[in-house]
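Just so you know, the sequences run in chain order A and B.
The numbering of the first sequence is numbering that gives the first Met the number 0, which starts it at 0 and goes up by one.
The numbering of the second sequence is numbering that gives the first Met the number 0, which starts it at 0 and goes up by one.
The set of hints was computed from the structure by calculation and includes no laboratory data.
No experiment lies behind these values; they were computed from the predicted model shown.
There could be a bad hint or two in this list.
Claimed, not checked - Straight-line Cα separation of at most 25 angstroms, DSS-like style, residue types lysine-lysine; simulated pairs: (1) LYS376/A x LYS80/B; (2) LYS76/B x LYS379/A; (3) LYS327/A x LYS80/B; (4) LYS356/B x LYS221/B; (5) LYS76/B x LYS386/A; (6) LYS80/B x LYS355/A; (7) LYS130/B x LYS344/A; (8) LYS76/B x LYS385/A; (9) LYS343/A x LYS80/B; (10) LYS130/B x LYS19/B; (11) LYS235/A x LYS54/B; (12) LYS76/B x LYS376/A; (13) LYS327/A x LYS130/B; (14) LYS19/B x LYS235/A; (15) LYS186/B x LYS116/B.
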Amino acid sequence: MQLQELTAVRLAEKIRAGGATAMDAVDAAFQKIAEQEETLHCYVTLDKEGARKRAEEVQRRIESGALAGPLAGVPVAVKDNICTAGMLTTCSSKILGNFVPPFSAQAVSALEAAGAVILGKTNMDEFAMGSTTETSAFGVTKNPHNTAHVPGGSSGGSAAAVAAGECFFALGSDTGGSIRQPASFCGVVGMKPTYGTVSRYGLVAYGSSLDQIGPLTKDVADCAAVLEVLAAHDGKDSTSIERKDTDFTSALIPDAAGLRIGIPKDYFGEGLDGEVRAAVLQAAKVLGEKGAVVEEFDLSLVEYAIPAYYTIASAEASSNLERFDGIKYGYRTPDFDGLHNMYKKTRSEGFGAEVKRRIMLGSFVLSSGYYDAYYLKALKVKALIKKAFDEAFQKYDVILGPVAPTTAPKLGESLKDPIKMYLGDIYTISVNLAGLPALSVPCGMDQKGLPIGAQLIGDCFQEKKILQAAYAYEQAAVK
Amino acid sequence: MAKQYETVIGLEVHVELATKTKIFCGCSTAFGGAPNTHTCPVCTGMPGTLPVLNKQVVEYAVAVGLATGCTITQYCKFDRKNYFYPDNPQNYQISQLYLPVCRDGFVEIETPAGMKKIGIHEIHMEEDAGKLIHDEWEDISLVDYNRSGVPLIEIVSEPDMRSADEVIAYLEKLRLIIRYLGASDCKLQEGSMRADVNLSVREAGSETFGTRTEMKNLNSFKAIARAIDSERARQIELLEEGKKVVQETRRWDDNKEYSYAMRSKEDAQDYRYFPDPDLTPLRIDDAWLKRIKDAQPEFRTEKMARYREEFDIPEYDIEIITASKHMADIFEEATAICGQPKKVSNWLMGETLRLLKEREEEPEDIRFSPAHLAKLIELADAKTINSTVAKEVFEVMFDEDIEPAAYVQEKGLGMVSDEAPLRKAVEEVIAANPKSVEDYQGGKERALGFLVGQTMKAMQGKADPGAVSRLLKELLS
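The shape of chain A in the complex, shown without the other chains (with noise of 0.2 angstroms):
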């Protein structure tokens, strides 16, 4: 087996009985870069020379026994808006796109001290901004399974690079589904633990009450692995929690028997693709035969996460992308008059025209006279959405639906209509609002050789649940 095709754990396995170098790992994944990314594009940044240096470093350590980790010498690509220190960090965007951080975001320094090595960041939609990776400052990225078709997004170079195997494993953020969406696009695990598992310190905020942190990997066991290694207690992020059940590996049994899962009606209806939805049921019956209990019921007030989320989400980043004004950092317009202008021109120029929707929408609907009608609103209709998850969790272990209502769309078709594109993200955006983990996982291909995702959506802290589900499921496809 060529060392590319390896899932993270077996490279480190391999790497650690001696069988290959870090640097082989550095060497085969640029060997695919070199044959593919012209027409991929995955990454915005990449870093040959300094991926090599690190896994030399590495591969001493592990040769001298002070690393044996899973994730030991094993190349990994990161979302370009986590912060690495010395290492360009744009969010895709232009206004960033000079910016080198002076540090390191926590799940980079959690990565980097369990000897993974970073070979770049990885192409996104600006500002996370989006659902196909085309609203990136820096040009698309093509889906590896058919590449007149977008990865989805916003972490759609993440999973793109995993699928194709321009990395090992990357790490991704998901916001209302950015993690999520793209994995089922291009066919690879994809996972948004609960929110506070990891840390968020250096992550470039969208919506910081949504954002979290992420894996994308080839398959469950590396999912469980990496998130292994990211969950940990932060005091850099006040949102932080600190847990002690993150030994995420021990989930992984080949068995679902005693699991109750949850089928929500609301996921099935009208807009759902028929090869979808035949893909997400058939995964519901392999979870049957392996001994899990599934059932179908109501979630409700599916129809108000889109406008809630968006409403949230957008007030938030109108907040968080203020700082990003030419003053201190990243770009600022070449001519101005005055410090007004200054301002006016270099976020003008700096910002694409999705990010500059969502600015918009999210200052009016945090403007006097607006808050109680709009924010609060959307703060009650999130509140009232948790709480229907908690009412489903009394009864399911786990909730199985589809990530998304179709496979990846053609490159250039989603922009032109931003509603519909926003509508695209029914399924991923209920966890975000109730701070879930959920977790998408391959469960086939439609009939123009697009993959499909499952999404298994858990409890605050069930993690463990949605992963041996998801393990059982994989290993049953398998066979």
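Starting from the structure of chain A, add chain B where the hints point.
Quick look at chain B alone, frame taken from chain A:
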């Protein structure tokens, strides 16, 4: 007869808290560092950074709230106030709008008509901004983020004050309380206490408020008093001319004794306040609140009562000493060491106040340690030094906090206790001043003083004048 007007004043007072580190990061709050040296990614608004609340800020804010009779908001939140300005690195300030930490308190002030309660509407916590430096010569502006993230509380009063005197009394009372708590040094000149004055006028007897203006840039009590008088006169003049007062923010120029409009209500910004999602709601539970309550210091009224009980010093001394927590601390510590409250008090009331006045300083600026003052008193009691030398030593101690015993030794200021050199000096003075000797022996007591002085001079001051006098009398009898 001309109309009578009443001035209605409310204050917004910002106080910089005396924490060692900033409100949301670990950077130092020390004053006067080189630009941008007390900064980190958090307080310079780098992408991806997050605030983490400094608990000491909460404790100071709650302590001030408790000392001013406020209700403490045990479930409170921080909100973002959004506005663009380069001194504000995130372009939003983390403050409190919806659930401020303290509400509904008061302080009492003395007025000619007796004690008066000034209501406190709320106290909230927030972060300070950086400082812009405009280089007119180069036509550029630079920003220093050392102050960015320094913790502040804003104390918002009710519109309960009616004159500049009441405003000053209110500010002095607030300052006294906050200094007693050690929550801030409250220096207006250095900006650790800043007051914005909201002022309106109305016809005497009217129940409704007039249109108010907000005055900024008031850097001393004197400037505040002048600005109040000026703004009152300006508003009355407008009304007398049949014009309207415009609701606006004005900036006081104390050199010109004139204020000018900065911005009116019409172009007031919409700050789009909303709860900061990066900070979880702050819960001040009963146990924490109790710990803060239990740690409240003895305030001035209680301290004065205790001094009357414990120390035999005049009421006037008690008033002066307790007007400054710092001076009271020095008094108590020095007294505890030397056991002589009256002598300690004399040094504070006499030389200390004299030198403070001479150097244009406040009691809060006293630098000498109580142990050194106690030592000086001991040296004088033991007649190691005489009172003139003691004052000289005190002045050096006042400026440089030297250890007096070592200083006396080093400079050779100790009194000569050996009788032989003293007797020799007295004999020489007697021999050199026959006229004075004759006068003294002829019954002119004053001549003795002259001879003592001559001897002290010959001894370079290092003699006990009492001993010199006794010796002279003995030799001339």
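Going through the hints against the structure:
| no. | hint | result |
| --- | --- | --- |
| 1 | LYS376/A x LYS80/B | holds (20 angstroms) |
| 2 | LYS76/B x LYS379/A | holds (17 angstroms) |
| 3 | LYS327/A x LYS80/B | holds (20 angstroms) |
| 4 | LYS356/B x LYS221/B | holds (17 angstroms) |
| 5 | LYS76/B x LYS386/A | holds (23 angstroms) |
| 6 | LYS80/B x LYS355/A | holds (20 angstroms) |
| 7 | LYS130/B x LYS344/A | holds (24 angstroms) |
| 8 | LYS76/B x LYS385/A | holds (21 angstroms) |
| 9 | LYS343/A x LYS80/B | holds (20 angstroms) |
| 10 | LYS130/B x LYS19/B | holds (19 angstroms) |
| 11 | LYS235/A x LYS54/B | holds (14 angstroms) |
| 12 | LYS76/B x LYS376/A | holds (19 angstroms) |
| 13 | LYS327/A x LYS130/B | holds (14 angstroms) |
| 14 | LYS19/B x LYS235/A | holds (18 angstroms) |
| 15 | LYS186/B x LYS116/B | holds (24 angstroms) |
When held up to the earlier numbered hints, the structure conflicts with none and fits them all.
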